[in-house]
Amino acid sequence: MATDKKTVRLLILEDSQNEAERLVSLFRNAGRATRVHRLTSSEDLADSLQQTWDLLIAAPHSENLSPAEAIAAIRRQAKDIPILQLLADNDSDSITEALALGAQDALPQGEDERLILVANRELANLNERRARRSAEVALREAEKRCQLLLDSSVDAIAYVHDGMHIYANRAYLQLFGYEEADELEGMPMIDLIAGCDQARFRDFLKNYDSVHGAGDLQCSGIGIEGRPFRLRLELSPASYDGEPCIQAVLRAESLQSELEEKLREVSCQDLVTGLFNRNHFLELLDGACARAVNAGQPACLAYLTLDYYAQLHADLGLAGLDQLLADLAALLRGAFSADAQLARFADDAFAVLLSGPPEQARDGLAALLKKVEGHLFEIAGRTVQLTLSIGVAGLNETTPKAQAVIERAHRCADQLVDGNALKLYDPAEELAAEASRGNVAAMVRQALEKDSFRLLFQPIISLRGDNIEHYEVLLRLIDPQGAQVPPADFLAAASEAGLAETVDRWVILNAIRQLAAHRANGHDTRLFVHLSAASLQDPTLLPWLGETLRTARLPAAALILQLDETDATTYLKQAKTLLEGLAALHGKSALIHFGRALNPFNTLRHLPVDYVKIDDSYTHNLTEEEGRENLKVLLAGLHAQAKPSIVPGIENSSVLATLWQAGVSYIQGYYLQAPGPALDYDFPSEE
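Counted from 1, the sequence shown has number 111 at position 111 by the UniProt record's numbering; the numbering is strictly sequential.
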């Protein structure tokens with residue numbers, strides 16, 4: 001989604017609490033989540049500046065802390081906090097004065113749309129400045145590392161401008177026999193080329209300049225003693241101290257081809273077995289993962305561990321064990337095709353990268369197990385028998401990264417306790433294992449895959465003679481041990497894992513199925529279903545919901561979507577769009593946990609909800625006079641807006657008279673009925 005979910009850290013210099021809350025609402029209506037602090041004094045400002053803030057909005061006047069003083073304090077501490085000065089009028093002198101003091105902009109108070117546009121501009125500029133500062137730090141670090149690499153490189157490297165040396169590293173100096181870089185300063189590079197090749201060198205430079213690209217030349221160099229030697233010269237465009245120049249890399253040919261090839265081979269090989277080593281194999285595996293994801297070329301990794309490795313080590317000693325590993329490596333080479341990539345991956349493990357899916361490799365790996373089991377290894381005059389445990393994991397278009405494939409195959413091999421066996425990675429089995437280990441996100445994924453969430457229903461009863469059957473849908477998750485996972489825990493885990501929208505749709509779909517069957521028996525039943533913050537921001541939800549209801553032949557009003565007050569306040573613009581779209585489908589909505597915000601009616605004024613559910617904290621305080629008065633004040637505001645109210649958490653009958661007298665529309669709680677799996681509450685009949 002395109003919604004910017006980054007929280008804006010906002011300072012407000014405003015004496016009026018109501019005006020400060022109105023400014024906060026402006027940002028939330030614009031889709032900006034905010035963390036706000038209202039400044040009350042110079043001491044408060046000093047404390048606040050110990051933290052990081054994104055924006056300061058200053059009122060035209062403040063009794064305890066003047067805008068000019070606040071701006072000056074921020075400038076003294078060199079804090080990068082954009083300041084927007086609100087003015088009582090649109091006087092040009094006032095604007096100029098505010099800008100001169102250090103405000104980024106000044107605008108008349110009350111021009112809300114302009115304020116949001118200016119704030120968005122300044123926040124974008126702030127992010128650019130922060131990104132630039134981070135990039136400058138990263139650039140300095142990169143330049144420092146590059147300089148260190150140049151100085152310590154075994155390659156002879158120089159930087160040349162207009163044919164003259166401006167830098168040469170230690171290897172370059174040693175190649176030509178010089179002691180200090182000062183000796184080359186101002187010396188043309190052509191002076192280091194043998195006379196017979198200088199004409200070719202000039203032509204090469206001219207051609208390089210004309211094409212402005214990389215190139216290489218084989219020629220003869222001249223050392224300080226006049227001794228010629230063959231070298232290969234590679235040029236490429238570069239910059240040094242911010243100036244464009246040419247990078248020259250020189251390699252003496254006598255050391256070049258054969259030696260470098262041997263070094264490459266050694267760096268890729270395990271010295272004991274001659275197979276690829278771990279580091280090189282990881283590079284091969286990264287490439288295979290990229291091909292699987294980008295080109296759809298499946299592959300698989302077989303992780304081979306030696307059974308009873310510790311005992312083998314004790315019996316054979318290090319030298320004998322090395323011989324055993326070398327013999328086993330030779331056997332493995334003969335067991336796989338030429339395109340298989342083999343490596344010694346750990347002291348007791350080999351790894352094989354094979355083309356094709358794991359199922360295709362199963363028979364060949366099973367045959368390898370028998371071959372190794374039946375082979376008699378001769379080590380230092382004694383016969384050794386060996387078995388392997390093999391775990392296999394696939395690489396396909398959904399493979400996250402190479403490390404995950406290794407871990408999967410390794411776990412499969414470790415699970416073969418008795419050894420001499422083969423196990424293929426099974427995502428469902430792995431998910432069940434993670435769930436058994438207490439991973440709540442894995443439990444959620446497993447419940448989605450196995451359709452094993454549980455829906456419970458709790459009735460919502462009218463105190464005003466409404467005979468329509470209302471239930472709230474509640475979601476429950478049972479862990480592998482049979483215990484119920486607290487909803488707050490698994491819903492938070494689902495949100496962190498990016499599964500909140502999927503869970504919401506599972507609930508809606510299964511609630512609709514049960515509702516359709518129940519209404520087919522003649523019941524006029526409606527269900528309240530909760531939406532997460534992620535679904536609230538999902539533009540595809542309403543089209544999907546409309547199609548799902550049509551398929552089930554249910555009226556849109558049969559499902560009442562509930563939004564949490566905190567989510568609706570944070571994403572007010574998206575919530576308003578969702579509810580307006582729902583109303584266009586003739587659907588209904590509710591705002592729950594109402595009353596938590598400082599001024600909840602600010603949010604309610606923007607949302608066309610059909611029901612409002614009071615936060616249950618108000619129900620807990622009904623035994624006290626203050627609690628009853630707080631509830632009455634909240635209900636009076638709802639009645640003024642003609643919003644039906646729902647009071648949850650009713651545990652006994654003692655509060656019913658108070659709620660009825662206060663004008664509550666609906667009640668819900670364990671006193672009426674605990675949540676259950678069936679829609680079986682005995683609602684009053686129409687008579």
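It is worth saying that the hints were derived from the structure and are not from the lab.
Treat each hint with caution, since some may be false.
Beta-carbon label-pair distances, calculated as ranges [as the list claims (entries may be wrong)]:
#, residue 1, residue 2, range
1, GLN17, GLU43, 13 to 23 Å
2, ASN467, ASP426, 28 to 38 Å
3, ILE190, GLY334, 53 to 63 Å
4, ILE116, PRO608, 47 to 57 Å
5, GLU625, THR548, 45 to 55 Å
6, SER94, ALA488, 44 to 54 Å
7, GLN481, ALA674, 37 to 47 Å
8, TRP660, PRO608, 19 to 29 Å
Note that the structure is predicted; figures quoted are calculated from it, not measured.
Quick reminder that beta carbons are idealized off the backbone N, C-alpha and C, glycines included.
Taking the hints in turn, this is what the structure says about them:
1. GLN17 / GLU43: 13 to 23 Å: holds, 19 Å
2. ASN467 / ASP426: 28 to 38 Å: Because 52 Å falls outside the window, the suggested range is violated.
3. ILE190 / GLY334: 53 to 63 Å: holds, 56 Å
4. ILE116 / PRO608: 47 to 57 Å: violated, 22 Å
5. GLU625 / THR548: 45 to 55 Å: holds, 47 Å
6. SER94 / ALA488: 44 to 54 Å: holds, 50 Å
7. GLN481 / ALA674: 37 to 47 Å: For ALA674 against GLN481, whose Cβ atoms are near 23 Å apart, the range 37 to 47 Å is violated.
8. TRP660 / PRO608: 19 to 29 Å: holds, 27 Å
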